[in-house]
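> Sequence:
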Amino acid sequence: MKHNIAFFGTPNICIPVLNALRNADYLPSLIITNPDRPFGRKQSELVPPPAKVWALEHNIKVLQPEKIDESFYEEMKKHSWDIFIVIAYGHIMPESLIALPKHGTVNIHYSLLPRWRGATPIEAVILAGDAETGITIQSMQYELDAGPILAQESIPLTGHEYATDLYNHLGEKGAELLIQILPSIFDGTIAQREQDITKITHCHKTQKSDGELLKTDTDEIKWRKYRAYYGWPDVFFFDAQGKRVKVTEADFINETFIIKKVIREGESEKMY
1 MKHNIAFFGT PNICIPVLNA LRNADYLPSL IITNPDRPFG RKQSELVPPP
51 AKVWALEHNI KVLQPEKIDE SFYEEMKKHS WDIFIVIAYG HIMPESLIAL
101 PKHGTVNIHY SLLPRWRGAT PIEAVILAGD AETGITIQSM QYELDAGPIL
151 AQESIPLTGH EYATDLYNHL GEKGAELLIQ ILPSIFDGTI AQREQDITKI
201 THCHKTQKSD GELLKTDTDE IKWRKYRAYY GWPDVFFFDA QGKRVKVTEA
251 DFINETFIIK KVIREGESEK MY
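Residue numbers (the numbering used here): 1 to 272.
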């Protein structure tokens, strides 16, 4: 049976899910993503988001609204939708839009909700030193990450994972879990359970300043920051002259954070 699916998402973590939907014959008929954004130091080149690139490669219609307003809702209302699938879209969706499809709107969240509601759950589990993380597929509500849980899968952590690796791993796991439960969503047999509000924690959007290694940080905290922010925004400290020093390679040996390579402001990479 063919289903009319709209997909809302923007970054690279969407791609495993889009591939899985295509392979399982749930190909979306529409992808909604962020507008192209300036890139580079001069901000002169407009770069499309990964979800748009994927859509164009597979001849799928793309919409890139700057904001979700009444005109966007009215346009979506013209069609009969079976389900909306949302992953890291980056815009607040109004309640009317969330409720529009026949089977509602589902969201893949990369933590074990209600732990780490918010924009950066993958970084949050590393920073907190959690022993596990996982995937939650929730029935979306207007309140952030507060919807009933449709499916959940936990993944143990060793304490040595990098955020970049977890993004890849959880992206694949989330795709697998979604494909497993879509048939029961469409036939109405999916079970739901409410989140335990006594276990809610929140995470915030990452700022460049979050990567600073502070003098008050323990070696363990420095190691967590390094792994959580590796790739972006990276970790850094200020030397005695007040120059910003980015840590490009580090390790954690015998409970000690060891810096191996750095880039000082205005210089090239060198051994520390």
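These aren't lab readings, by the way, just hints derived from the structure by calculation. Any given hint could be a false lead.
What the hints assert, rightly or not - Computed cross-link-like contacts, DMTMM-like style, restricted to lysine to aspartate or glutamate with a CA-CA straight-line distance of at most 20 Å: (1) Lys260 with Asp239; (2) Lys61 with Glu95; (3) Lys246 with Asp219.
> For this structure, which hints from the list above don't hold up?
Hint 2 is the one this structure does not satisfy, whereas the remaining hints hold.
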